[in-house]
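Protein chains: 2
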Amino acid sequence: MKTQTILLKNRPEGKPTLSDFEFITEDADLNIHSDEMLLETIYVSVDPYLRGRMSDAKSYVAPFELNKPIHSGVIAKVLKSKNDQFSAGDYVSGMLDWKTKQVSKGDGLLKVDKNKAPLSAYLGILGMTGVTAYCGLTQIGKPKAGETLIVSGAAGAVGSVVGQIGKILGLTVIGIAGTDEKVAMLKSKFGFDAGINYNTTKDMKAAIAKAAPNGVDIYYDNVGGPISDAVLFSINKFARIINCGAISVYNNTETPTGISVQPFLVKNSALMQGFIVSNFEEKFPEAIKHLSEWLAEEKLTYTETIVHGFDNIPKAFIDLFDGKNKGKMVVEI
Amino acid sequence: MKTQTILLKNRPEGKPTLSDFEFITEDADLNIHSDEMLLETIYVSVDPYLRGRMSDAKSYVAPFELNKPIHSGVIAKVLKSKNDQFSAGDYVSGMLDWKTKQVSKGDGLLKVDKNKAPLSAYLGILGMTGVTAYCGLTQIGKPKAGETLIVSGAAGAVGSVVGQIGKILGLTVIGIAGTDEKVAMLKSKFGFDAGINYNTTKDMKAAIAKAAPNGVDIYYDNVGGPISDAVLFSINKFARIINCGAISVYNNTETPTGISVQPFLVKNSALMQGFIVSNFEEKFPEAIKHLSEWLAEEKLTYTETIVHGFDNIPKAFIDLFDGKNKGKMVVEI
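Residue numbers (full-length UniProt numbering), protein chains in the order written: chain A, 1 to 333; chain B, 1 to 333.
There could be a bad hint or two in this list.
What the hints assert, rightly or not - Here are the simulated BS3-like cross-link-like pairs (lysine-lysine), alpha carbons at most 27 Å apart as the crow flies:
hint	chain 1	residue 1	chain 2	residue 2
1	A	K142	B	K283
2	B	K237	A	K267
3	A	K144	B	K114
4	B	K289	A	K283
5	A	K267	B	K9
6	B	K114	A	K267
7	A	K237	B	K283
8	A	K267	B	K68
9	B	K283	A	K144
10	B	K114	A	K142
11	A	K142	B	K142
12	B	K299	B	K289
13	B	K299	A	K283
14	A	K237	B	K142
15	B	K283	B	K2
16	B	K144	A	K142
17	B	K142	A	K267
18	A	K283	B	K144
Since the hints were derived computationally from the structure, they do not count as laboratory data. Here the structure is a predicted model, which is why all the values come from computation and not from measurement.
Modelling step: build the complete structure from the supplied sequences, incorporating the hints.
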């Protein structure tokens with residue numbers, strides 16, 4: 001049986017290009033044995049973090065191997081199954097190869113219900129995006145109703161969910177984003193209390209202090225850098241700072257680029273903690289349960305950009321770096 | 001009855017001077033009423049943090065008032081008592097005024113046992129110094145035997161206790177200090193595994209990586225600044241960084257002076273947390289119990305500098321800023 005596969009051909013220098021990827025069509029052995037099942041790919045998630053895995057620099061996950069299939073979050077349909085946990089016709093989500101068809105033993109795969117939410121949602125708000133927002137905010141942020149939450153990268157896939165969960169939990173929520181359009185959307189679509197455009201605001205310290213007159217109890221930080229420096233001046237005693245990403249400073253960790261955070265942490269008995277979502281694996285069922293309920297109750301909303309065709313996976317990935325997506329970027333096969 | 005008192009006369013600019021203090025002799029009403037007791041001061045603790053309270057800048061404790069008595073950690077003898085909790089002849093420790101005699105209702109005072117340890121120890125290793133070391137290391141650091149601990153300000157009153165507790169708990173302990181003499185003492189007197197002199201080491205990153213070949217699991221940070229930046233390059237996944245002090249950067253929180261810590265925290269799922277010891281008040285009895293036992297078993301040692309005479313309290317305090325003390329500085333009245 002034939003399957004199409006996308007391999008990593010070169011480690012990208014700077015922005016990835018189409019020539020970093022190679023398509024092959026294989027005559028693969030797709031017969032299944034005991035415990036195995038045959039899967040057909042339905043949706044493929046493309047995410048900025050994959051760029052990191054294409055480099056061989058030390059990071060929190062091992063790099064992709066050259067000339068091997070790339071993998072990411074995938075929704076697949078079970079075509080045949082000799083595995084007790086899954087039946088033909090089931091839909092599953094999990095980390096799978098960029099292949100049109102593949103054989104799996106089901107390790108790390110979860111069944112998803114297409115009647116409860118659109119299948120693509122399981123790659124976004126009901127997948128790692130939503131779970132990252134939920135786990136970081138609840139497990140590190142430990143929110144209490146009435147507190148003030150600031151979110152950077154607030155219009156992004158994770159940030160927009162963080163802010164909405166904050167509102168559900170009774171927080172005052174302020175979002176920081178990079179365009180007036182995004183800031184308007186924070187309030188009109190996602191229900192944030194206030195938004196700050198960091199590109200047009202001259203004095204971020206003053207703008208944050210004004211937006212958060214009672215100070216900041218929780219800062220969900222997706223960006224790092226000068227925005228995060230400015231937030232520190234408004235943190236309250238026992239503030240919690242969740243380091244989910246530091247995109248603005250990943251490429252410069254050698255030279256002085258920021259203020260020293262330590263005096264702020266000492267003075268306020270504050271906490272900063274980095275995480276990746278897999279640290280909270282035991283919380284995933286709880287997270288997905290709450291997110292599904294809130295979605296069904298229309299307390300949560302989300303944006304996604306759906307691109308069509310297996311051949312367009314690399315291009316969709318590259319388009320992320322030009323900001324061509326709104327919310328979660330997903331490829332429908 | 002007469003009592004001598006030391007008042008804060010001026011808010012110091014830069015290093016405190018003798019003219020910032022005023023001695024008065026009062027005819028005070030030292031008769032005690034119901035619940036009260038009359039105390040005679042035996043030892044007075046002078047500490048760098050008092051400098052912060054002499055300014056009126058926002059900090060984690062309210063500033064001292066001008067022309068009012070200064071207070072700090074004191075060991076006093078109960079001369080008379082109408083309080084059920086304390087009897088004449090008892091010794092107590094707690095925050096008390098810089099007075100030779102004073103009346104107290106006993107709020108916040110603890111009885112101390114002069115047969116278990118020298119009375120001055122209750123201002124140091126069995127007082128806030130030891131409790132700060134114990135609570136920060138155990139409550140934020142959550143040490144596990146076999147892990148690697150780095151301590152900055154390692155030869156200081158807190159740092160030297162942190163390292164010794166680390167050894168008792170089965171950690172590999174590396175200390176950072178500013179002179180060869182101090183580094184030698186870390187190993188010979190306090191039992192650290194290794195020491196680094198930050199004043200003579202050109203490449204701190206390399207020196208830390210060499211001293212901690214398995215990486216750093218816990219960093220007990222008393223200083224902040226470039227030393228702390230260098231430690232970040234060696235932290236392990238799930239590292240815990242305890243921000244106990246940031247003396248090197250307290251005076252500059254406005255301009256870029258350091259590397260951005262966020263990428264290190266994200267990549268390693270690491271935690272940084274500031275604290276003051278009073279956050280862990282419910283742990284004090286446990287801390288003092290362990291510290292007393294370890295002291296009795298000679299697993300802990302300490303240095304102190306004892307100055308004599310009530311009149312010398314301000315000078316002893318000022319001498320702290322010229323490094324004239326070794327370990328805890330205490331004035332015996």
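Results for each hint:
1. About 22 Å separates the Cα atoms of K142 (chain A) and K283 (chain B), which keeps this hinted pair within 27 Å; it holds.
2. Taking the CA atoms of K237 (chain B) and K267 (chain A), the gap is about 26 Å. The hint holds against a cut of 27 Å.
3. Pair hint K144 (chain A) plus K114 (chain B) does not hold up; C-alpha atoms about 45 Å apart against a cutoff of 27 Å.
4. Between the alpha carbons of K289 (chain B) and K283 (chain A) the distance comes to roughly 37 Å, so the proposed pair goes past 27 Å and is violated.
5. Restraint check for K267 (chain A) and K9 (chain B): satisfied, since their Cα atoms lie roughly 26 Å apart, inside the 27 Å limit.
6. Pair hint K114 (chain B) plus K267 (chain A) does not hold up; C-alpha atoms about 34 Å apart against a cutoff of 27 Å.
7. With a C-alpha separation of about 20 Å, the suggested pairing of K237 (chain A) with K283 (chain B) holds against the 27 Å cut-off.
8. Restraint check: the Cα-Cα separation between K267 (chain A) and K68 (chain B) comes to about 25 Å, which is no more than 27 Å; the hinted pair holds.
9. Between K283 (chain B) and K144 (chain A) the alpha-carbon distance is near 24 Å, which keeps this suggested pair within the 27 Å criterion.
10. Between K114 (chain B) and K142 (chain A), the direct Cα distance comes to roughly 43 Å. Violation of the 27 Å bound is thereby established for this hinted pair.
11. Between K142 (chain A) and K142 (chain B), the direct Cα distance comes to roughly 19 Å. Compliance with the 27 Å bound is thereby established for this hinted pair.
12. Our distance criterion of 27 Å between C-alpha atoms is met by K299 (chain B) and K289 (chain B), whose separation comes to about 14 Å.
13. Annotation: proposed proximity of K299 (chain B) to K283 (chain A) is violated, straight-line Cα distance about 41 Å (limit 27 Å).
14. Proximity of K237 (chain A) to K142 (chain B) is assessed by CA-CA distance (about 22 Å); at most 27 Å being required, the pair is judged to hold.
15. For the suggested pair K283 (chain B) and K2 (chain B), the alpha carbons sit about 38 Å apart, so the restraint of at most 27 Å is broken.
16. Restraint check: the Cα-Cα separation between K144 (chain B) and K142 (chain A) comes to about 25 Å, which is no more than 27 Å; the hinted pair holds.
17. Distance restraint check for K142 (chain B) and K267 (chain A): the Cα-Cα separation of roughly 21 Å lies within the 27 Å cut-off, and the hinted pair is therefore satisfied.
18. Straight-line distance between C-alpha atoms of K283 (chain A) and K144 (chain B) comes to about 24 Å, which keeps the hinted pair within the 27 Å bound.
In this structure, the hints that do not hold are numbers 3, 4, 6, 10, 13 and 15, in rising order.
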